[in-house]
Amino acid sequence: MKSEHLYNYILGIADNSLILGQRLGELCGHGPSLETDIAGTNISLDLIGQTRSYYQYAAKISGENKTEDDIAFLRLERGYKNVLLVEQPNTHFGYVMGRQYLFDVFHLLLLQELQFSKDQTLAAIAKKGIKEVSYHKRFSGDWIKRLGDGTPESTAKMQEAIDDLWPYTQELFDMTDADTAMAQEGIGVDVSKLKESYYKQVKTLLTQATLEVPQSTYFSRGGKNGVHSEHMGYLLADLQYMQRTYPNMEW
Amino acid sequence: MIQTNINIDTHLLPILEQVSDPEIPVLTVLDLGVIREAIDIDGTVHVKLTPTYSGCPAMDVIGDDLKLAFAPLGKKVTVELVLAPAWSTDWISESGLQKMEAYGIARPLSESADKDVLLAGKKKVICPQCKSTNTHLVSQFGSTACKALFKCEACLEPFDYFKCLK
Chain A
23 MKSEHLYNYI LGIADNSLIL GQRLGELCGH GPSLETDIAG TNISLDLIGQ
73 TRSYYQYAAK ISGENKTEDD IAFLRLERGY KNVLLVEQPN THFGYVMGRQ
123 YLFDVFHLLL LQELQFSKDQ TLAAIAKKGI KEVSYHKRFS GDWIKRLGDG
173 TPESTAKMQE AIDDLWPYTQ ELFDMTDADT AMAQEGIGVD VSKLKESYYK
223 QVKTLLTQAT LEVPQSTYFS RGGKNGVHSE HMGYLLADLQ YMQRTYPNME
273 W
Chain B
3 MIQTNINIDT HLLPILEQVS DPEIPVLTVL DLGVIREAID IDGTVHVKLT
53 PTYSGCPAMD VIGDDLKLAF APLGKKVTVE LVLAPAWSTD WISESGLQKM
103 EAYGIARPLS ESADKDVLLA GKKKVICPQC KSTNTHLVSQ FGSTACKALF
153 KCEACLEPFD YFKCLK
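Which chain is which? The protein sequence lines are A and B, in order. Number 273 marks the last residue of the first sequence (my numbering); no jumps. Number 168 marks the last residue of the second sequence (my numbering); no jumps.
Just so you know, these hints were derived from the structure itself, not from any lab. Values in this document were obtained by computation on a predicted structure and should not be read as measured data. Errors might be hidden in some of the hints.
[As the list claims (entries may be wrong)] Restricting the straight-line Cα-Cα distance to at most 20 angstroms, the calculated cross-link-like pairs of lysine to aspartate or glutamate (DMTMM-like) are:
#	chain 1	residue 1	chain 2	residue 2
1	A	Lys153	B	Asp118
2	B	Lys69	A	Glu272
3	B	Lys117	A	Glu57
4	A	Lys82	B	Asp62
5	B	Lys153	A	Glu175
6	A	Lys153	B	Asp92
So here's chain B without its partners, still in its complex pose:
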């Protein structure tokens, strides 16, 4: 979607596609949009990583996973955390959103709809299981910093909702 100032050497893409988010393993780091730069200089890959949430423990793991992924090619990796511009859920790719839904996590709504569901109890989040919008908020905080907990009243399944972050 809105991917500004991304600078990734194309020959690194096949490797980066193999590095997944440790919390949501169906998403690659490219789907998430956390890799802002990956440049290969003399066999060392310099990566700029933007964290989703300040304290997201996945970031340290992603840094280590990147090193492991490039190690078989004899490439070293440096990881620099870049905070600005701040990560936004708009940076998740459309294919990433589809994989997320198939995995059982509802995709982020627009900013205003997100407020409606998290603060005003409106029913707008689509159940990833049965596609009903007859869903309600169970907890503003979920299993990770990026998610809230919902329940579907149609199929009665609980599920995670990926909160909109702008």
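Next up, chain A with everything else stripped away, as it sits in the complex:
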């Protein structure tokens, strides 16, 4: 049972990076400027690189003859454990940066705890990831400030994105069975404890960006248990196309 919890725990973390990496990858060649295009794909590359480390580890402990690619490409929608936030579409650049920042703050808090995991592999991936994710967070945070405190149009668009993405933030702090089991063993992180620090940081930045903190009390959840939003199927169709069409293909 222990390794099943560990397996699910690893996927819970890794799937967020994979799906967000995929969303950012969609922007390759479509960024609003050359610099932001390159930034999006660079961040995507970091996230997918982290995902590979997690999946390689998950494949190793799965006890089955699995590879990282099987885990990435051959699960059904219900098998993905990512939060709803990261699968939200690239509606406009404000959404891309809003989604990024709302995830980056959480991601960094998570890795800062995970680096002390009793599991040496997870600790090593986390330590490596911290350096990369700090850089992502600076980038997305800077853009929220720039757009939020920019022209009337950019302010309105940035506010719209934050308002629309806000209901997906609380799911980040829900504990799954695997989360609880792994936190008790000192392997995983009790994400419910990151909530206060998360909202404090986010609210400070929104205020600096002259944006309003959404007052909505409705929060959407389900991704962590495999119940995804209507966008997920389209994303997976793109992500899995090659492996579904040419099973076992290699580059």
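Position chain B relative to chain A; hints supplied.
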């Protein structure tokens, strides 16, 4: 520079020196400091490789290049990725830094100076072309994960800056 816990069989060094980074071909894998261990056991070279960035696509290529480099000697190669301790720009050798500069990539600054240039717009990065420090950041992300894009205001040339990673 600071090369801790490196364990490379000396007779393998001449071969390893021929394997270069696919993105920055003037640098060998030894210059970069990504080879943490290379041990020859009964004709199989066991290599431990530490990636620069998690998603760096160069790592897969380096693994394949190592196999190709040892193949003519009839040696097989196993590559294991080792994440801890995490790679740092301090592991790039001084000769590597010099080759990098000659190639047109500015060398990483100290951690605090790096923050100054990437976050506070300070002018500290030395232009690899004309050596002026009158340079400014164009993009925090560059052509590869390890670099940022700069422009020199003295000679007007754009150039890559290798970001400090600690």
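Evaluated hints:
Pair hint A/Lys153 plus B/Asp118 holds up; C-alpha atoms about 17 angstroms apart against a cutoff of 20 angstroms. Distance check on the hinted pair: B/Lys69 and A/Glu272 sit about 19 angstroms apart at the alpha-carbon level, within 20 angstroms; holds. Under the criterion of a C-alpha separation no larger than 20 angstroms, the hint pairing B/Lys117 with A/Glu57 is consistent with the structure, at around 19 angstroms. Among the hinted pairs, A/Lys82 with B/Asp62 is consistent with the structure: their alpha-carbon atoms are about 19 angstroms apart, no more than 20 angstroms.
The straight-line distance between the Cα atoms of B/Lys153 and A/Glu175 is roughly 30 angstroms, outside the 20 angstroms bound, and the hint therefore fails. Under the criterion of a C-alpha separation no larger than 20 angstroms, the hint pairing A/Lys153 with B/Asp92 is consistent with the structure, at around 15 angstroms.
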